Amino acid sequence: MIATGGLILLAGVWLIVTGLLARGQLQSVRTEVHQLRAQLTSGDLTGARTTLAALQTHAQRAHGLTTGPVWALAAQLPSGGEPIKTVRGITSSADELASKALPTLIDVRAKLEPGKLRSADGRIDLAAISAVRPALDRADSVMQTETARIGALPESTWVSPVDRARTDLLTQLRGLAGEVRSADLAVHIAPPMLGASGTKRYFVGFQNEAEARGTGGLPGAFGILEVTNGKLHFTRFENDSYLGTRPTGLNFGADYQQLYQGDGTTSLYVNSNVSPNFPYVGKIWATMWQKASGQRVDGTIALDPTALSYLLAVTGPAKLPAGEQVDAGNVVALTQSTAYARFGRNVAGRKEYLLTIAKAASTQIVDAHGSNSELLKAGGKAVGERRLLVWSADPAVQADLAQTAAAGIVPDTTQPYAGPVVINAAGNKLDYYLERSFTWQRTGCGSLRKVTATVTLTNTAPATGLTPYVTNRGDQHPDGVRPGDNRVDLEYFATRGALMDSMTVDGKPGTVGSGVERGHPVLIADIELPRGATRTIVFHLTEPEGKGSPQVLRQPLVRPMNVTIDDAKCN
56 MIATGGLILL
66 AGVWLIVTGL
76 LARGQLQSVR
86 TEVHQLRAQL
96 TSGDLTGART
106 TLAALQTHAQ
116 RAHGLTTGPV
126 WALAAQLPSG
136 GEPIKTVRGI
146 TSSADELASK
156 ALPTLIDVRA
166 KLEPGKLRSA
176 DGRIDLAAIS
186 AVRPALDRAD
196 SVMQTETARI
206 GALPESTWVS
216 PVDRARTDLL
226 TQLRGLAGEV
236 RSADLAVHIA
246 PPMLGASGTK
256 RYFVGFQNEA
266 EARGTGGLPG
276 AFGILEVTNG
286 KLHFTRFEND
296 SYLGTRPTGL
306 NFGADYQQLY
316 QGDGTTSLYV
326 NSNVSPNFPY
336 VGKIWATMWQ
346 KASGQRVDGT
356 IALDPTALSY
366 LLAVTGPAKL
376 PAGEQVDAGN
386 VVALTQSTAY
396 ARFGRNVAGR
406 KEYLLTIAKA
416 ASTQIVDAHG
426 SNSELLKAGG
436 KAVGERRLLV
446 WSADPAVQAD
456 LAQTAAAGIV
466 PDTTQPYAGP
476 VVINAAGNKL
486 DYYLERSFTW
496 QRTGCGSLRK
506 VTATVTLTNT
516 APATGLTPYV
526 TNRGDQHPDG
536 VRPGDNRVDL
546 EYFATRGALM
556 DSMTVDGKPG
566 TVGSGVERGH
576 PVLIADIELP
586 RGATRTIVFH
596 LTEPEGKGSP
606 QVLRQPLVRP
616 MNVTIDDAKC
626 N
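If you use our numbering, the sequence shown corresponds to residues 56 to 626, in order.
Where hints are given, some of them may not hold.
Claimed, not checked - Mimicking DSSO-like on lysine-lysine, the simulated pairs with C-alpha atoms at most 27 Å apart in a straight line are:
#: 1; residue 1: 155; residue 2: 140
#: 2; residue 1: 624; residue 2: 602
#: 3; residue 1: 505; residue 2: 436
#: 4; residue 1: 155; residue 2: 166
#: 5; residue 1: 414; residue 2: 346
#: 6; residue 1: 414; residue 2: 338
#: 7; residue 1: 432; residue 2: 171
#: 8; residue 1: 563; residue 2: 505
#: 9; residue 1: 432; residue 2: 414
#: 10; residue 1: 286; residue 2: 414
#: 11; residue 1: 374; residue 2: 414
#: 12; residue 1: 155; residue 2: 286
#: 13; residue 1: 286; residue 2: 432
What the hints assert, rightly or not - Beta-carbon label-pair distances, calculated as ranges:
#: 14; residue 1: 296; residue 2: 230; range: 41 to 47 Å
#: 15; residue 1: 182; residue 2: 520; range: 53 to 59 Å
#: 16; residue 1: 108; residue 2: 466; range: 38 to 44 Å
#: 17; residue 1: 617; residue 2: 554; range: 24 to 30 Å
#: 18; residue 1: 375; residue 2: 500; range: 55 to 61 Å
#: 19; residue 1: 310; residue 2: 428; range: 39 to 45 Å
#: 20; residue 1: 492; residue 2: 574; range: 23 to 29 Å
#: 21; residue 1: 310; residue 2: 500; range: 30 to 36 Å
#: 22; residue 1: 115; residue 2: 175; range: 43 to 49 Å
#: 23; residue 1: 466; residue 2: 529; range: 30 to 36 Å
Hints listed in this document are in silico derivations from the structure and should not be mistaken for laboratory results. All values reported here derive from a predicted model rather than from experimental measurement. Backbone N, C-alpha and C define an ideal beta-carbon position, used for all residues, glycine too.
Could you build all of it, start to finish, from the sequences and the hints given here?
Below is the structure:
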């Protein structure tokens, strides 16, 4: 008995000592993963290799300290072995990642140096992109597998430092795994979309957020972009009048038909993007163009002036034929506010002017003056804000795109979801002055939980200085409206299975329409928004618990929406 007790005591001491040593090694690993991510992003490959060497050493030591019979037996204890199991799992996965996945990321980053990916004539090196695909596939597989393994380890044990170590490392690895997955998808998507096997043609629509639509703003001018073996050029530009009314015959199902009946989304170009789900919009645009021109496109792209500003900040200003410059600082106001003041009721002149801006800015960006890495960052920022969206007519490419933010998909998911979407209902251009904030609060625990979704809309339009074209009311409005008074439809996309308990506007019971899109209940409120006024719309809901925090649909408008999430913590 004494000998057995002594062995148990020695084993316990061994676990404590080696566990503390392993903890120190893992703390270094966590710090080095963060540092490696930053170095890969900035292109500091020399620093990344130095960091990786240290990371591999610390991961290997941590793994070595937590192997052997004592750790293996302790991890199998039916009660109390959870922290031991967690530590062993963390060190094993960290060592696997450091030896198999992370070195590949540095090699791939070296081969895809942004400064070398584009030749002097602007052609993108598709062969270089395709060459790294197998290695990146393997790295992505290891990253996803090991991150999932750590995520499946006991989350809450009786040793809080172990729990924190798991959480901290998992946060870093999930961020890195997401970046690797995005890079892997990009090398799958880019070659076929950029004409590796022949010329590809794309419809590029420019959205005007002075008049809100589901994917952002009113579809206005557009261009046709051709890409052959990585070389991009625009072949044609038109204003919105070219498509006008163009029935497509598309049918996206009974739910879509019921929700958007009367809007003419599949026949009127100006209403073609009322739905925030961009694959629907992409198909509509492609079909409208084919019916109008007889020309088939391989996909569609949506851009807004804010996305153009991000890109022009890298490429430098575009010059119009008359000598005026369009740059990152003025393109948003110029296209969505100034143009209306300058041209007044001269609609044809304004459309021609905006088309000229679209041509000049697009040519400047396609010619890609400036840093390629900064251009990629600018494009990534626009994608992250849903200001740059892409749809492909190729099912295989679209399947990859659907896993990225660039697809602009309203996901068919049971995960908690929150999507406040504003649609202009007045037929004016006053959404340039619209400010929005959104708060999502969930209380209680259990299979059904209470959700309060609060949307605040403020009309900051000035009392004077706006042209009648901007303030026009094309709707059936109440008597006594003033220039600058606006009206919007607020569509709230809720979690699948959600039920509305009540809804108020400024504290008073409101009237709500409803529908369904891609499984999500859609609640619709008609909001009159006088100049200078703020309206607070509150939806009280009962929703299925789902998994995790809500995915928020952030509709891009001129002024970004402020979002606050307040989620009750439940074990």
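A quick look at each hint next to the structure:
no.	hint	result
1	155 with 140	holds, 22 Å
2	624 with 602	holds, 12 Å
3	505 with 436	violated, 33 Å
4	155 with 166	holds, 18 Å
5	414 with 346	holds, 23 Å
6	414 with 338	holds, 23 Å
7	432 with 171	holds, 16 Å
8	563 with 505	holds, 20 Å
9	432 with 414	holds, 23 Å
10	286 with 414	holds, 17 Å
11	374 with 414	holds, 10 Å
12	155 with 286	violated, 35 Å
13	286 with 432	holds, 20 Å
14	296 with 230: 41 to 47 Å	holds, 46 Å
15	182 with 520: 53 to 59 Å	holds, 55 Å
16	108 with 466: 38 to 44 Å	holds, 40 Å
17	617 with 554: 24 to 30 Å	holds, 27 Å
18	375 with 500: 55 to 61 Å	holds, 59 Å
19	310 with 428: 39 to 45 Å	holds, 42 Å
20	492 with 574: 23 to 29 Å	holds, 26 Å
21	310 with 500: 30 to 36 Å	holds, 31 Å
22	115 with 175: 43 to 49 Å	holds, 45 Å
23	466 with 529: 30 to 36 Å	holds, 33 Å
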